[in-house]
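Asks: Got chain A; can you put chain B on it based on the hints?
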Amino acid sequence: MRALAMVICLALTMQFASGCGTTESAQSTQENATTIAETFDFAAVPAYDGKAYVAVNDNVPFFTEEELSSASYETYGELDPLGRCTVCVASVGQDLMPAEERGNIGAVKPTGWHTVKYDFVDGKYLYNRCHLIGYQLTGENANEKNLITGTRYLNIEGMLPFENMVADYVKETDQHVMYRVTPVFEGDNLLAAGVLMEGKSVEDNGEGVLFCVFAYNVQPGVSIDYATGESSADGTIVNDTSAQEETSQSEETQTYVLNTNTHKFHKPGCYSVEKIKPENYAEFTGTREEAIAYGYDPCKNCNP
Amino acid sequence: MYIIICLDDNNGLAFNHRRQSQDRIVAEDIRKTVGEKKLWITDYSRKLFQAVSNLEISENPKEEAKKGEYVFQELETLDTDDEQIEQFIIYRWNRVYPADVSVEIGAEWKLTETEEFPGFSHEKITKEIYCRE
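Just so you know, the sequences run in chain order A and B.
Just so we're aligned, residue 338 is where the first sequence starts under our numbering, counting upward by one.
Just so we're aligned, residue 6 is where the second sequence starts under our numbering, counting upward by one.
Worth flagging that the hints you see were computed from the coordinates, not collected in a lab.
Just so it is clear, the structure is predicted and the values come from calculations on it, not from any experiment.
Just so you know, even glycine gets a beta-carbon here, dropped at the ideal spot from N, CA and C.
A hint or two may mislead.
[Said to hold, decoys possible] Per the computed footprint, the stretches of chain B lying under chain A, defined by three or more beta-carbons under 8 Å from a beta-carbon of chain A, are:
1) 19–26
2) 119–127
[Unchecked claim] A short, non-exhaustive set of chain A residues, derived as facing chain B with CB atoms under 8 Å:
3) V391
4) N396
5) R466
6) P498
7) F499
8) N501
9) D505
10) E509
11) G545
12) V546
13) L547
14) F548
[Said to hold, decoys possible] In silico DSBU-like links for lysine-lysine, alpha-carbon gap of 30 Å or less:
15) B:K115 - B:K71
16) B:K115 - B:K37
17) A:K388 - B:K129
18) A:K454 - A:K508
19) A:K637 - A:K614
20) B:K43 - B:K67
21) A:K614 - A:K454
22) B:K72 - B:K52
23) B:K129 - B:K37
24) A:K461 - A:K637
25) A:K454 - A:K604
26) B:K132 - B:K71
27) A:K508 - B:K52
28) B:K43 - A:K508
29) B:K115 - A:K508
30) B:K71 - A:K508
31) A:K388 - B:K71
32) B:K72 - B:K132
33) B:K115 - B:K67
34) A:K508 - B:K132
35) A:K637 - A:K454
36) B:K72 - A:K461
Isolated chain A, as found in the complex (with noise of 0.2 Å):
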């Protein structure tokens, strides 16, 4: 990976097409953060090696003291001609935090992304939509702009850690914190390589929340082609029973019938739907998954 021929996707000049959020104040600011140092040197950064990030640049984060805002904004870059994500930049404030749980993603497909799953990965399923910007922070939804191909490695172990941090120190102290996450793609590669993660807290100038890391875009146990997305076993975990399995139908978004009395969910055509009384009946657009992970179990007739 290190030696191919570095083409980060910075977007040094970016138009952004969500503003949600933001104040006129703040206008100046976000036009500002919209880029990001020339002086992050990817080549610079070591290969993976265990650990789900490492820090760059002495954990020092390149935003300019004209990008650091006291008014909460949100912007998302525009995809690349590839359909590439750029960078998200926030500064996160209790206003721009989320009151309700998150909805559907299931029907964003990032470049990059496969459904595929490993016996030993966590979930099973090797790839997430990842949020730049993490929905705990600022409430996105499915914004094709605010979702990478990302191993489960790196959502969790990697990106997760740093949107908790950002997340109770916003709630805890009601100030605001920088927070910027570029995709780097290494020439025409669908997948990212990791994403570079930027976070200052604004009102006390870096003294509660201060950190600068690239997260690595990799799974332990699997060996990724980035060109495309395809992946294998790379042998290195033992209890890798099943290898690689595409999945068909558990990913794909469909309609189900929710009974929220009973926490199951059907086909619609299942002949259990219409023996739900109505106050229990609701419809659920998304994946298998996503149904599962809101707390519903698959009927046992129609086995959605």
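Replies: For chain B alone, kept in the frame of chain A given last:
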């Protein structure tokens, strides 16, 4: 001395010279736990305990705390074999954060009490008390 620390799911304590997290309910519980005894902290922790009157600020709290006094340790790991330590009080965040400093409680310590309560920014805080075997 009694050592008070906050740990994540991986026994992480701090990252990049900063605490992983904070919770005002935990700070209040520490205040109640300490009661009238001294609570030794570094200047870094002062903001968390503005309502606590019996604070002692030191660059080396563990060196200065006497028997029966409390030390709230945030950024540095410690030797859990230290014979001066009478008890560990661990607040677990029940989440995962970045970590470059962690604390592993040795086998000589026995979990004697566990309590769970909701935090302000954390769904569940687990308070554990460890005493020597």
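Asks: If a hint holds in the structure, say so; if it doesn't, say that too.
Replies: Checked hints:
Restraint check on the segment 19–26 of chain B versus chain A: 5 residues with Cβ-Cβ distances below 8 Å, three needed, restraint holds. Proximity of the segment 119–127 of chain B to chain A, defined as three or more residues with a beta carbon under 8 Å from a beta carbon of that chain, is established by the 3 residues found. Nearest Cβ of chain B to the Cβ of V391 (chain A): about 11 Å, over the 8 Å cut. The hint is violated. Satisfaction of the interface hint for N396 (chain A) is found here, the shortest Cβ-Cβ separation to chain B being roughly 4 Å, below the 8 Å cut-off.
The beta carbon of R466 (chain A) comes no nearer than 20 Å to any beta carbon in chain B, farther than 8 Å, and the hint placing it at the interface is violated. Satisfaction of the interface hint for P498 (chain A) is found here, the shortest Cβ-Cβ separation to chain B being roughly 5 Å, below the 8 Å cut-off. A hinted interface residue such as F499 (chain A) counts as satisfied when its beta carbon comes closer than 8 Å to some beta carbon of chain B; here the least separation is about 6 Å, so the hint holds. Hint status for N501 (chain A) relative to chain B: holds, with the closest Cβ pair at about 5 Å, below 8 Å.
The restraint placing D505 (chain A) at the interface with chain B holds, with a minimum CB-CB distance near 4 Å, inside the 8 Å limit. Proximity of E509 (chain A) to chain B holds as hinted, the smallest CB-CB distance being about 5 Å (cut-off 8 Å). Interface restraint check: G545 (chain A) against chain B, minimum CB-CB distance 7 Å, threshold 8 Å, status holds. Checking V546 (chain A) against chain B by beta carbon gives a least distance of about 7 Å; that is within 8 Å, so the hint holds.
A hinted interface residue such as L547 (chain A) counts as satisfied when its beta carbon comes closer than 8 Å to some beta carbon of chain B; here the least separation is about 6 Å, so the hint holds. Hint on F548 (chain A) holds. Least Cβ distance to chain B is approximately 6 Å, under the 8 Å limit. Pair hint K115 (chain B) plus K71 (chain B) holds up; C-alpha atoms about 22 Å apart against a cutoff of 30 Å. Between the alpha carbons of K115 (chain B) and K37 (chain B) the distance comes to roughly 23 Å, so the proposed pair stays at or under 30 Å and holds.
Pair hint K388 (chain A) plus K129 (chain B) holds up; C-alpha atoms about 27 Å apart against a cutoff of 30 Å. Between K454 (chain A) and K508 (chain A) the alpha-carbon distance is near 36 Å, which puts this suggested pair outside the 30 Å criterion. At roughly 19 Å between alpha-carbon atoms, K637 (chain A) and K614 (chain A) fall within 30 Å of each other, so this suggested pair holds. With a C-alpha separation of about 12 Å, the suggested pair K43 (chain B) and K67 (chain B) falls inside the 30 Å cut-off, and the hint holds.
Proposed proximity of K614 (chain A) and K454 (chain A) is contradicted: the alpha carbons are some 36 Å apart, above 30 Å. This hinted pair checks out: K72 (chain B) and K52 (chain B) have alpha carbons roughly 25 Å apart, not beyond 30 Å. Between K129 (chain B) and K37 (chain B) the CA atoms are separated by roughly 18 Å; this keeps the pair inside 30 Å, and the hint holds. Taken as a hint, the K461 (chain A) and K637 (chain A) pair is honoured in the structure, with Cα atoms around 22 Å apart against an allowance of 30 Å.
For the proposed pair K454 (chain A) and K604 (chain A), the alpha carbon gap of about 23 Å is at most 30 Å, so the pair holds. Annotation: proposed proximity of K132 (chain B) to K71 (chain B) holds, straight-line Cα distance about 23 Å (limit 30 Å). Between the alpha carbons of K508 (chain A) and K52 (chain B) the distance comes to roughly 16 Å, so the proposed pair stays at or under 30 Å and holds. Of the supplied pair hints, the one linking K43 (chain B) and K508 (chain A) holds, its CA atoms being roughly 29 Å apart against a limit of 30 Å.
Between K115 (chain B) and K508 (chain A), the direct Cα distance comes to roughly 34 Å. Violation of the 30 Å bound is thereby established for this hinted pair. For the hint linking K71 (chain B) to K508 (chain A), the alpha-carbon distance of about 35 Å lies beyond 30 Å, and the restraint is violated. For the suggested pair K388 (chain A) and K71 (chain B), the alpha carbons sit about 39 Å apart, so the restraint of at most 30 Å is broken. Distance restraint check for K72 (chain B) and K132 (chain B): the Cα-Cα separation of roughly 22 Å lies within the 30 Å cut-off, and the hinted pair is therefore satisfied.
Taken as a hint, the K115 (chain B) and K67 (chain B) pair is honoured in the structure, with Cα atoms around 21 Å apart against an allowance of 30 Å. Distance restraint check for K508 (chain A) and K132 (chain B): the Cα-Cα separation of roughly 21 Å lies within the 30 Å cut-off, and the hinted pair is therefore satisfied. Note on K637 (chain A) and K454 (chain A): the hinted pairing holds, with a Cα-Cα distance of about 23 Å set against a maximum of 30 Å. The hinted pair formed by K72 (chain B) and K461 (chain A) fails the criterion: a straight-line CA distance of about 50 Å is larger than 30 Å.
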